[in-house]
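There are 2 protein chains.
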Amino acid sequence: MRIAVDGYGGDYSPTEVVKGALAALEQDKDIEILLTGKREELVALAGEHDRLIIRDAREVIGCDEVPTVAVRTKKESSLVVALDAVKDGEADGLVSAGSTGAVLIGATLKIGRVKGVERPALAPALPTVTGGNVILCDCGANVDCRPTYLVGFARMAVAYQKGVFGLENPRVGLLNNGAEETKGNAFSVECHGLLKNAKGINFIGNVEARDILSGEVDVVVADGFDGNVALKSAEGTANAVFSLLKQGIYAGGTRAKLGALMLKPVFKGLKRKLDYNEHGGAAFLGLKKPVVKAHGSSKAKSICGAILQVRDMIAGGVSERLAADLQKDVQND
Amino acid sequence: MRIAVDGYGGDYSPTEVVKGALAALEQDKDIEILLTGKREELVALAGEHDRLIIRDAREVIGCDEVPTVAVRTKKESSLVVALDAVKDGEADGLVSAGSTGAVLIGATLKIGRVKGVERPALAPALPTVTGGNVILCDCGANVDCRPTYLVGFARMAVAYQKGVFGLENPRVGLLNNGAEETKGNAFSVECHGLLKNAKGINFIGNVEARDILSGEVDVVVADGFDGNVALKSAEGTANAVFSLLKQGIYAGGTRAKLGALMLKPVFKGLKRKLDYNEHGGAAFLGLKKPVVKAHGSSKAKSICGAILQVRDMIAGGVSERLAADLQKDVQND
Numbered sequence: 354m355r356i357a358v359d360g361y362g363g364d365y366s367p368t369e370v371v372k373g374a375l376a377a378l379e380q381d382k383d384i385e386i387l388l389t390g391k392r393e394e395l396v397a398l399a400g401e402h403d404r405l406i407i408r409d410a411r412e413v414i415g416c417d418e419v420p421t422v423a424v425r426t427k428k429e430s431s432l433v434v435a436l437d438a439v440k441d442g443e444a445d446g447l448v449s450a451g452s453t454g455a456v457l458i459g460a461t462l463k464i465g466r467v468k469g470v471e472r473p474a475l476a477p478a479l480p481t482v483t484g485g486n487v488i489l490c491d492c493g494a495n496v497d498c499r500p501t502y503l504v505g506f507a508r509m510a511v512a513y514q515k516g517v518f519g520l521e522n523p524r525v526g527l528l529n530n531g532a533e534e535t536k537g538n539a540f541s542v543e544c545h546g547l548l549k550n551a552k553g554i555n556f557i558g559n560v561e562a563r564d565i566l567s568g569e570v571d572v573v574v575a576d577g578f579d580g581n582v583a584l585k586s587a588e589g590t591a592n593a594v595f596s597l598l599k600q601g602i603y604a605g606g607t608r609a610k611l612g613a614l615m616l617k618p619v620f621k622g623l624k625r626k627l628d629y630n631e632h633g634g635a636a637f638l639g640l641k642k643p644v645v646k647a648h649g650s651s652k653a654k655s656i657c658g659a660i661l662q663v664r665d666m667i668a669g670g671v672s673e674r675l676a677a678d679l680q681k682d683v684q685n686d
Numbered sequence: 354m355r356i357a358v359d360g361y362g363g364d365y366s367p368t369e370v371v372k373g374a375l376a377a378l379e380q381d382k383d384i385e386i387l388l389t390g391k392r393e394e395l396v397a398l399a400g401e402h403d404r405l406i407i408r409d410a411r412e413v414i415g416c417d418e419v420p421t422v423a424v425r426t427k428k429e430s431s432l433v434v435a436l437d438a439v440k441d442g443e444a445d446g447l448v449s450a451g452s453t454g455a456v457l458i459g460a461t462l463k464i465g466r467v468k469g470v471e472r473p474a475l476a477p478a479l480p481t482v483t484g485g486n487v488i489l490c491d492c493g494a495n496v497d498c499r500p501t502y503l504v505g506f507a508r509m510a511v512a513y514q515k516g517v518f519g520l521e522n523p524r525v526g527l528l529n530n531g532a533e534e535t536k537g538n539a540f541s542v543e544c545h546g547l548l549k550n551a552k553g554i555n556f557i558g559n560v561e562a563r564d565i566l567s568g569e570v571d572v573v574v575a576d577g578f579d580g581n582v583a584l585k586s587a588e589g590t591a592n593a594v595f596s597l598l599k600q601g602i603y604a605g606g607t608r609a610k611l612g613a614l615m616l617k618p619v620f621k622g623l624k625r626k627l628d629y630n631e632h633g634g635a636a637f638l639g640l641k642k643p644v645v646k647a648h649g650s651s652k653a654k655s656i657c658g659a660i661l662q663v664r665d666m667i668a669g670g671v672s673e674r675l676a677a678d679l680q681k682d683v684q685n686d
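Going down the list, the sequences are from chains Z and H.
Numbering (this note's numbering) for the first sequence: 354 to 686.
Numbering (this note's numbering) for the second sequence: 354 to 686.
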């Protein structure tokens, strides 16, 4: 198995990307990595490694560039060269911490959608309070969705849960502003009807944003605008809680400071658990080959996590499962 | 100043509502409360109090009733009788912990909108990390909004910030999935243009959901569906953090448990700070008289908080400010 890694994507590239790639090679002796970017710089950073293939790419796509233009014109960029390697069958999946727009557009164009997929979507796996995870799909790749897209998001995320996390019959919920069937805006009411009648989806109904992490649902589908709001509100709140906690400890005197010291490992574990970026990135689902978009601020640990995440998606046959499910469900309809 | 309180709204009514009302009368010797519900029960709970007026109301509107029907047919309900008191000028504002739908519809019908308000909206004040608060408007009273509604939400929330919290020129942001002006769905792009050009609004641009609590914005406007997702995702995450923290402490052995014990006051303060319901409820803005919807699970403390919140809205002239602002801005346009 070979994984393409965009060597010049992300705020801390190429240094942290190289470190992350080496860490992944260390953790899994069965994978190979195809790393793209300025050869001399990458060689200087990585040294020699028999499972690390360096492919020269002289250009870099910045986060301020128009994605469609950048992907089309910068054919020698680290991202496009990595995508081409996947397209040509030289690699089985891809990781990039670069411009989200460029990764989404480039991957859709170069790697292509699984037959039957209307729109690929971004889908992070978030930790639940019961120790599992929930896939939130879509989180921002598509805004102004048609209701039918969300049925596709459900199938894609279900294939991901089955392939990577081994769930047999993932429970699918629709993000809504109330639990009752009649709740919501015109869009969510229409989505509810479609999901309820879709074959092969274990639809459990509407899910309020406060219950996403409850552990009572395995997949939550949403328009990318709403999914993005839910995800970022969760991130912002987690940060706010830690920030207020710190203020409270500071104001709480010696006793509070001592207590905080004793709880340090617990706080650290909690922070790690909540930060899904630390484990990898957001899967970009619906493509013929797995793609993971790591956070722009990823350091070595996150890059390594993202590489192992793509490995799991390849090994779990996420794309193949989706293709088979779509084939089957279309025949059943 | 007299405040009408729905004595039979909320999961713990009438007992906790009565307790909350008495606590508010104790805290502020200048207010009177007009409490509605079954007279004999309320008298038994409250005893005699010279600033507590009990008005008999024999019916109760349940949370499972269709709001429009309930408000129209249950004229003798505790909610409708309280609304009538406001409508007739016997009270200056209202608190209810009852059915959200019935409160919104009843208040809009009975109390009426300020001239120029397209849609009243629900607007909780959330604590920011810098010690202030941010008004999130709308949080669920209106879904499928027209872009013009959001300009109104901004004016309403600005009048609230000015009147109650004393801000001179509140910064207004638009909830969006990216900070750049061109980001968002078709709706948010249109809203952005309207807000940018609206007179008398200090519009600072798009705000991502992760930055709502940052303290860098005083008012965040959104379609009620999106605002609801942001609010509930924040609630759910705060709960998840506490739940995971508890698990971590439990698993962390004696040292962690001792640390937690020492941090107990800090945790308690943090929880209280994050739970905006503990301080009151969500203001229902845009009406001729202030209305606060307390959470259905409110106990005495929250009811008391909501009553004092309505008092502040009356004292701060929130409705009058809004009326004046709308008059002025319409003339300027």
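Hints may contain errors.
No copy labels: a pair is met if it fits in one copy or bridges any two.
Claimed, not checked - List of simulated lysine-lysine pairs, DSS-like, C-alpha gap at most 27 angstroms:
#, residue 1, residue 2
1, 536, 428
2, 626, 610
3, 382, 621
4, 468, 428
5, 654, 621
Hints listed in this document are in silico derivations from the structure and should not be mistaken for laboratory results.
Hint check:
1. In this assembly of identical chains, the alpha carbons of residue 536 and residue 428 lie at most 27 angstroms apart only when taken from different copies (26 angstroms versus 47 angstroms within one copy).
2. Within a single copy, residue 626 and residue 610 get their C-alpha atoms as close as 23 angstroms, and across copies as close as 20 angstroms, so both meet the 27 angstroms cut-off.
3. In this homomeric assembly, residue 382 and residue 621 never come within 27 angstroms of each other (Cα to Cα): the closest approach is 29 angstroms inside a single copy and 48 angstroms across copies.
4. Proximity of residue 468 and residue 428 under a CA criterion of 27 angstroms is satisfied intra-copy only: 26 angstroms inside one chain copy versus 58 angstroms between copies.
5. In this assembly of identical chains, residue 654 and residue 621 lie within 27 angstroms of each other by CA distance solely inside one copy; the values are 15 angstroms within and 34 angstroms between copies.
Going down the numbered hints, you'll see the structure goes against just number 3.
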